[in-house]
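Participant: The residues making up each chain are set out below.
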Amino acid sequence: MELVNYSAMMDGLSLILMPQVMLSIFCGLVLGVAFGAMPGVKGSTAIAIMLPFVYYFDPIISIMFLSSVFTGSNFGGGILAILLGMPGNSGAIATVFDGYPMTQNGRQNEALGIGLVSSAVGALVSWLIILFAIQSIGKIVLLFGPGEMLMLTLFAISIIGMIKGEISKALLTGIIGLLLGTVGASAYGAPRGTFGSIMLIDGLPLAPVTIGVLAIAMIIELVGKDTIITDQENAQSEFSDIIKGMLYPLKDKVNVFISTIIGVVIGLLPAAGSSIAATLSYGVAQSHSKKRKNFGNGEPSGLVSAETANSSSEAGSMATMMAFGIPGSGVTAMLMAAFMMAGYVPGPYLVREDMDVAYAVVWGNIVSSILLVIVGIIFIRYFCKVIYIPTQILVSGITVLAVIGAFGVRSLYMDVIVLCIFALFGYLLKLADYPALPVVLGFILGDLVDAQFARTVALYSDRYEILLQRPLFVGLLIFNILIFTSPLIRWGINKIRRPKIADS
Amino acid sequence: MAVFIARYALLLITSVFGLAYYYDIMDLARKDKIVVELLLLLLVVLIVFRTIATTKNMVKYLAERSEDGEKLESFSKAVKRILRRKEVTFLAVTAPYIALFPIIGFFVTSFIYVLVANIVLGTRGKLKLIAIPTGLTLFAYLLFGSVFNIKLPSGILF
Numbered sequence: 054m055e056l057v058n059y060s061a062m063m064d065g066l067s068l069i070l071m072p073q074v075m076l077s078i079f080c081g082l083v084l085g086v087a088f089g090a091m092p093g094v095k096g097s098t099a100i101a102i103m104l105p106f107v108y109y110f111d112p113i114i115s116i117m118f119l120s121s122v123f124t125g126s127n128f129g130g131g132i133l134a135i136l137l138g139m140p141g142n143s144g145a146i147a148t149v150f151d152g153y154p155m156t157q158n159g160r161q162n163e164a165l166g167i168g169l170v171s172s173a174v175g176a177l178v179s180w181l182i183i184l185f186a187i188q189s190i191g192k193i194v195l196l197f198g199p200g201e202m203l204m205l206t207l208f209a210i211s212i213i214g215m216i217k218g219e220i221s222k223a224l225l226t227g228i229i230g231l232l233l234g235t236v237g238a239s240a241y242g243a244p245r246g247t248f249g250s251i252m253l254i255d256g257l258p259l260a261p262v263t264i265g266v267l268a269i270a271m272i273i274e275l276v277g278k279d280t281i282i283t284d285q286e287n288a289q290s291e292f293s294d295i296i297k298g299m300l301y302p303l304k305d306k307v308n309v310f311i312s313t314i315i316g317v318v319i320g321l322l323p324a325a326g327s328s329i330a331a332t333l334s335y336g337v338a339q340s341h342s343k344k345r346k347n348f349g350n351g352e353p354s355g356l357v358s359a360e361t362a363n364s365s366s367e368a369g370s371m372a373t374m375m376a377f378g379i380p381g382s383g384v385t386a387m388l389m390a391a392f393m394m395a396g397y398v399p400g401p402y403l404v405r406e407d408m409d410v411a412y413a414v415v416w417g418n419i420v421s422s423i424l425l426v427i428v429g430i431i432f433i434r435y436f437c438k439v440i441y442i443p444t445q446i447l448v449s450g451i452t453v454l455a456v457i458g459a460f461g462v463r464s465l466y467m468d469v470i471v472l473c474i475f476a477l478f479g480y481l482l483k484l485a486d487y488p489a490l491p492v493v494l495g496f497i498l499g500d501l502v503d504a505q506f507a508r509t510v511a512l513y514s515d516r517y518e519i520l521l522q523r524p525l526f527v528g529l530l531i532f533n534i535l536i537f538t539s540p541l542i543r544w545g546i547n548k549i550r551r552p553k554i555a556d557s
Numbered sequence: 077m078a079v080f081i082a083r084y085a086l087l088l089i090t091s092v093f094g095l096a097y098y099y100d101i102m103d104l105a106r107k108d109k110i111v112v113e114l115l116l117l118l119l120v121v122l123i124v125f126r127t128i129a130t131t132k133n134m135v136k137y138l139a140e141r142s143e144d145g146e147k148l149e150s151f152s153k154a155v156k157r158i159l160r161r162k163e164v165t166f167l168a169v170t171a172p173y174i175a176l177f178p179i180i181g182f183f184v185t186s187f188i189y190v191l192v193a194n195i196v197l198g199t200r201g202k203l204k205l206i207a208i209p210t211g212l213t214l215f216a217y218l219l220f221g222s223v224f225n226i227k228l229p230s231g232i233l234f
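Quick mapping for you: the protein sequence lines, in order, are chains A and B. Taking my numbering, the leading residue of the first sequence gets 54, the next gets one more, and so forth. Taking my numbering, the leading residue of the second sequence gets 77, the next gets one more, and so forth.
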């Protein structure tokens, strides 16, 4: 089989080059960004809401519309993370690390510009990679078994240690998050940490926990201030600041390239998700940056890596869904439903029989990545003014939206109670000067670690030597050992060096 | 002093959570609890470490304060100072809202909540005080209630 089917590629392009398709992409992006920038409204929710409306549309138009809602909501989640410190989706968590400190320092326009172009470039480059690699994706995905996935998840967890502040505080809150992530049925079906409640059998709900710990806790803290930013007089207010931010990712080419590759590869792996892609990429960017000490304090490179990987993982997850019929996340499951509604069954059959459709989706997303810049500029021109709204108006408004976000997903009052408990917990963390981000990071990754660990044990129990014959696993294992022991090694080196310096 | 009270409260809550979780998984099969047990073990180590660190820092802080001749704030005064903060007022307004919206109805309660929260937190001007809650409630009703069709509690009023 040839690697690239050029005739299908051209057929796919012709399917996309129609005004109706372009219009559907534009409308999808507008709705996606608007939905994504609302607290508690995830990409999957936005697509689920839109799914019935596109039932009677032409197949390509409906698929491209929903796919653009996905792209837009990804960027919208980043807007929320940058301006208010609350990740609009799990993939935007690493965006908070440097995006929100930039806003607090009055650099919100620049941060939004960086976020926009990083998202657009990440998506564009990743879809171009998929365009030429869609037929050979299977080989990459098959290299990753449960053991390798466990190692990748562990690496993502190591980011907790890189969060600014005292490491023991970050580790403590990270462990709390990991424990919260394991609440619910275990991989073998036994209930854990549910304390007899049937409502917790699926685990703690993601939106209420995330909104509570980060958003509401931040809102409570905002009550004592006049506005979000500390120095309003020196805050950026010009459009040129947005442009300045937009140009930054274009200068940070190596970071963008590495983050895109990480995003695509992680996105290809079923169930890995954008949160792992973004945190992994952030960790890698921090480790090779000359300004690594600025990470966590509003370093633009940190924001570039997080947003680029977040958006490029979308291309990877879509490619796996199309090539294998495996939806790696809630959003891709929704998009898979859209494909099926349109009469196409994602999987090997789609790639073999309807390759032109698969290529049309790839082309459509390339167009969507470019259009995202235009739509994004329109939105951030207005969104950047959020920081000037007096906090007394902002806090009550966001609280009402957060309650809707928590309640709306399952229509359960218990989710609002969960929101309140975690809001108080998040506020207590702030009062005690403990970082709240590791809780959310651990919470998202806890369930994944547990699931991958159970799969690895089930597959390799009593014959773990097989794992050591897998080069990728061994490589990732060594890498993880180095990462987790590096603080100890650094501490040891410093201990040895210090007496020598004292002697000299 | 307030920061130390918050730190001890956090460590206490975390310990209680860890203990409760441990008792909940005690009877499970090994394969179901091995990851949780490992995490709980790490949690215990970190709680002990942080308790020692917090106590050391507090002793140091108290010693510095007494050296400078500053009067130490009593525990009850520190608690009172925390309770007088604007954040606590906000929480006091928000708690009834959360408790009452399933009974009275989401939109009515939200309107009253936004109005009261704005008054308490310092928004002035009749127009603002009418426009903000009305605008927000209408926005929530039209977008989430009508377009998204999210069934928000209607309660006894609306």
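Some hints here could point you the wrong way.
As the list claims (entries may be wrong) - Derived, one-sided and incomplete: chain A residues facing chain B with beta-carbon distance under 8 Å:
1) L181
2) L259
3) V276
Said to hold, decoys possible - The list that follows gives simulated cross-link-like pairs (lysine-lysine, DSS-like), each with its CA atoms no further than 30 Å apart:
4) K483(A) - K153(B)
5) K548(A) - K136(B)
6) K346(A) - K297(A)
7) K548(A) - K132(B)
8) K227(B) - K278(A)
9) K304(A) - K483(A)
10) K132(B) - K346(A)
11) K297(A) - K548(A)
12) K153(B) - K278(A)
13) K483(A) - K107(B)
14) K278(A) - K162(B)
15) K136(B) - K483(A)
16) K438(A) - K136(B)
17) K438(A) - K304(A)
18) K153(B) - K136(B)
19) K227(B) - K483(A)
20) K438(A) - K548(A)
21) K343(A) - K304(A)
22) K438(A) - K204(B)
23) K278(A) - K107(B)
24) K162(B) - K438(A)
25) K136(B) - K346(A)
26) K278(A) - K156(B)
27) K278(A) - K343(A)
28) K162(B) - K483(A)
Worth flagging that the hints you see were computed from the coordinates, not collected in a lab. Just so it is clear, the structure is predicted and the values come from calculations on it, not from any experiment. A virtual CB, placed ideally from N, CA and C, is assigned to each residue, including glycine.
Participant: All the hints need checking, so say for each whether the structure fits it.
Facilitator: Results for each hint:
With a least beta-carbon distance of about 35 Å to chain B, the hint placing L181(A) at the interface is violated under the 8 Å criterion. This hint is violated: L259(A) has a C-beta 17 Å from the nearest C-beta of chain B, more than the 8 Å allowed. Taking 8 Å as the C-beta cut-off, the interface hint given for V276(A) holds, the closest approach to chain B being about 5 Å. About 20 Å separates the Cα atoms of K483(A) and K153(B), which keeps this hinted pair within 30 Å; it holds.
Restraint check: the Cα-Cα separation between K548(A) and K136(B) comes to about 25 Å, which is no more than 30 Å; the hinted pair holds. A distance of roughly 23 Å separates the Cα atoms of K346(A) and K297(A); the hinted pair therefore holds under the 30 Å criterion. Between K548(A) and K132(B), the direct Cα distance comes to roughly 22 Å. Compliance with the 30 Å bound is thereby established for this hinted pair. Restraint check for K227(B) and K278(A): the C-alpha separation of about 34 Å exceeds 30 Å, so the hint is violated.
Taking the CA atoms of K304(A) and K483(A), the gap is near 36 Å; set against the 30 Å cutoff, the hint is violated. The hinted pair formed by K132(B) and K346(A) meets the criterion: a straight-line CA distance of about 27 Å does not exceed 30 Å. Note on K297(A) and K548(A): the hinted pairing is violated, with a Cα-Cα distance of about 44 Å set against a maximum of 30 Å. Distance restraint check for K153(B) and K278(A): the Cα-Cα separation of roughly 23 Å lies within the 30 Å cut-off, and the hinted pair is therefore satisfied.
Distance restraint check for K483(A) and K107(B): the Cα-Cα separation of roughly 36 Å exceeds the 30 Å cut-off, and the hinted pair is therefore not satisfied. A threshold of 30 Å between alpha carbons decides the hint, and for K278(A) with K162(B) the separation of about 10 Å falls inside it, so the pair holds. Of the supplied pair hints, the one linking K136(B) and K483(A) holds, its CA atoms being roughly 22 Å apart against a limit of 30 Å. For the hint linking K438(A) to K136(B), the alpha-carbon distance of about 44 Å lies beyond 30 Å, and the restraint is violated.
With a CA separation close to 27 Å, the supplied pair K438(A) and K304(A) stays within the 30 Å bound. Taking the CA atoms of K153(B) and K136(B), the gap is near 20 Å; set against the 30 Å cutoff, the hint holds. The suggested pairing of K227(B) with K483(A) is violated, with an alpha-carbon distance near 34 Å, which exceeds 30 Å. This hinted pair does not check out: K438(A) and K548(A) have alpha carbons roughly 50 Å apart, beyond 30 Å.
At most 30 Å may separate the alpha-carbon atoms for a hinted pair to count; K343(A) and K304(A) meet this at roughly 15 Å. A distance of roughly 18 Å separates the Cα atoms of K438(A) and K204(B); the hinted pair therefore holds under the 30 Å criterion. Distance restraint check for K278(A) and K107(B): the Cα-Cα separation of roughly 49 Å exceeds the 30 Å cut-off, and the hinted pair is therefore not satisfied. Distance check on the hinted pair: K162(B) and K438(A) sit about 25 Å apart at the alpha-carbon level, within 30 Å; holds.
For the proposed pair K136(B) and K346(A), the alpha carbon gap of about 28 Å is at most 30 Å, so the pair holds. About 20 Å separates the Cα atoms of K278(A) and K156(B), which keeps this hinted pair within 30 Å; it holds. Taking the CA atoms of K278(A) and K343(A), the gap is near 34 Å; set against the 30 Å cutoff, the hint is violated. Between K162(B) and K483(A) the CA atoms are separated by roughly 15 Å; this keeps the pair inside 30 Å, and the hint holds.
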